[in-house]
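Generate coordinates for the entire structure from the input sequences, incorporating the hints supplied.
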Amino acid sequence: MHYSLTLNALLAAAASAGTLARRTYSIPNYNLTYTNQATINAPTDCGSYITYKSHPADSYDPSLCAADCDGQRAETPNHYNGLTCHFFTSYQLLKNGVVQNQICALYSRTWDSSYATNTGYTSGSDTYTIQNAYSWSYSDPGTFTCPQTGGNQPQPPSNGPLTTCPTQSQYIVGANFILYRICLDTDYQIPSPQITYGDVDNRACANECSKQQGCTKAVFNLGTQTCYLKGSPSVADSNWQKNAGFQTVDRVPVDTPMGSSCLAPLYTIKQNGVTYTVCPSSHLNNAQVLNYWNNVSGEYVCAQKCQSVSGCKKFVYDWGKQTCYNVGNVDFSKAGWATFDNVGTYWAQ
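Letter by letter, the sequence shown follows residues -21 to -1, 1 to 328 in mature numbering (1 follows the signal peptide of the UniProt record, and there is no 0).
A few of these clues could be false.
[Said to hold, decoys possible] Below, a list of computed lysine-lysine pairs in the BS3-like style, where the Cα atoms sit at most 25 Å apart:
| hint | residue 1 | residue 2 |
| --- | --- | --- |
| 1 | 32 | 74 |
| 2 | 190 | 74 |
| 3 | 313 | 284 |
| 4 | 190 | 32 |
| 5 | 300 | 249 |
| 6 | 284 | 300 |
| 7 | 190 | 249 |
| 8 | 190 | 300 |
[What the hints assert, rightly or not] Cβ pair distances, simulated, as ranges:
| hint | residue 1 | residue 2 | range |
| --- | --- | --- | --- |
| 9 | 264 | 154 | 16 to 26 Å |
| 10 | 315 | 124 | 44 to 54 Å |
| 11 | 177 | 56 | 19 to 29 Å |
| 12 | 177 | 148 | 18 to 28 Å |
| 13 | 232 | 124 | 34 to 44 Å |
| 14 | 93 | 223 | 18 to 28 Å |
| 15 | 256 | 223 | 31 to 41 Å |
Since the hints were made in silico from the structure, they are not lab data.
Where is the CB? At the ideal position from N, CA and C, for every residue including glycine.
Pasting the structure below:
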């Protein structure tokens, strides 16, 4: 299929480096809408998002996205829960002002420009922005019902917003020993200030949230490898709903009491023949510190320090401060065992 490109007019006398003047593109069977520096942020509860494609940054060509959409629509068998592409967005993604690639996001239905609210996101010290954003609706715009039909699609709420996870919560540890609670098949159905793509698992999504100041909640979709950052709304303001295929990712507040059981997945280390069980993302509020050592470069060195002192069966290691604390053989359940970022508790088996 051949796609033509026609330069319409320069909108400015000059443009900053890497920024294209607005152009009018002609792609058969598609109608375009220019959304400039914002792209579509479709409601997750509608379930219209299919997938995204990335193309090199050396040129900007929306016809590549049209080919992606056409190819997905014709794909047999369909690997996207029965959804087919009737709408796509194309834009350039910039990192700190430098074009990284061309993004094509594919959808099963058309969304108008009022949904063009995604202007980018920050990740640590890096700022990602959007330019040359267009939306393209196929001649058959798709059905406008929500949720969209297909296998792994949203479930309508049964009794209003959730206040607790309807299934057993899972816990993961992200970067810097930050603890997150995962609730499967649920969704925070509120706008997403930022969206990231290519997140391979819920831990990657949690790490995207941790990079963003003020982010404590996110929603992850494994099927599309998409992470929707939600900021830090309260439970009441989160519109927490059941939604098959989505996972809510919620940062566990520091100093959440754990009683006698670690919330995070345990792991073990072995030093000088001694095996230690590790509860990451935790510390002791009320334990007596018998000894402590500064400038300890890692948990194995901390274990060595503990072994050098008679009676040290348990210790706490602060990864951020690189400090090791000997707590003897304290009973964790009586020592204010609680969650804490970038710290772990250890005990000899």
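Hint by hint, here is what the structure shows:
Restraint check for residue 32 and residue 74: satisfied, since their Cα atoms lie roughly 18 Å apart, inside the 25 Å limit. Distance restraint check for residue 190 and residue 74: the Cα-Cα separation of roughly 15 Å lies within the 25 Å cut-off, and the hinted pair is therefore satisfied. Pair hint residue 313 plus residue 284 holds up; C-alpha atoms about 24 Å apart against a cutoff of 25 Å. For the given pair, residue 190 sits about 24 Å from residue 32 by alpha-carbon distance, which is consistent with the 25 Å threshold.
Simply put, residue 300 and residue 249 have alpha-carbon atoms about 22 Å apart, close enough for the 25 Å limit, and the pair holds. About 16 Å separates the Cα atoms of residue 284 and residue 300, which keeps this hinted pair within 25 Å; it holds. The suggested pairing of residue 190 with residue 249 is violated, with an alpha-carbon distance near 31 Å, which exceeds 25 Å. A threshold of 25 Å between alpha carbons decides the hint, and for residue 190 with residue 300 the separation of about 19 Å falls inside it, so the pair holds.
Between residue 264 and residue 154 the C-beta distance comes to about 24 Å, which sits within the given range of 16 to 26 Å. In this structure the supplied range 44 to 54 Å holds for residue 315 paired with residue 124, their Cβ-Cβ distance being about 52 Å. At roughly 24 Å, the beta-carbon separation of residue 177 and residue 56 lies within the given 19 to 29 Å, and the hint holds. Taken as a hint, the range 18 to 28 Å holds for the pair residue 177 and residue 148, whose Cβ atoms sit roughly 26 Å apart.
About 39 Å separates the C-beta atoms of residue 232 and residue 124, a value consistent with the hinted range of 34 to 44 Å. Evaluation of the 18 to 28 Å hint for residue 93 and residue 223 yields a pass: the beta carbon distance comes to about 27 Å. For the pair residue 256 and residue 223, the supplied restraint of 31 to 41 Å holds, since their beta-carbon distance comes to about 35 Å.
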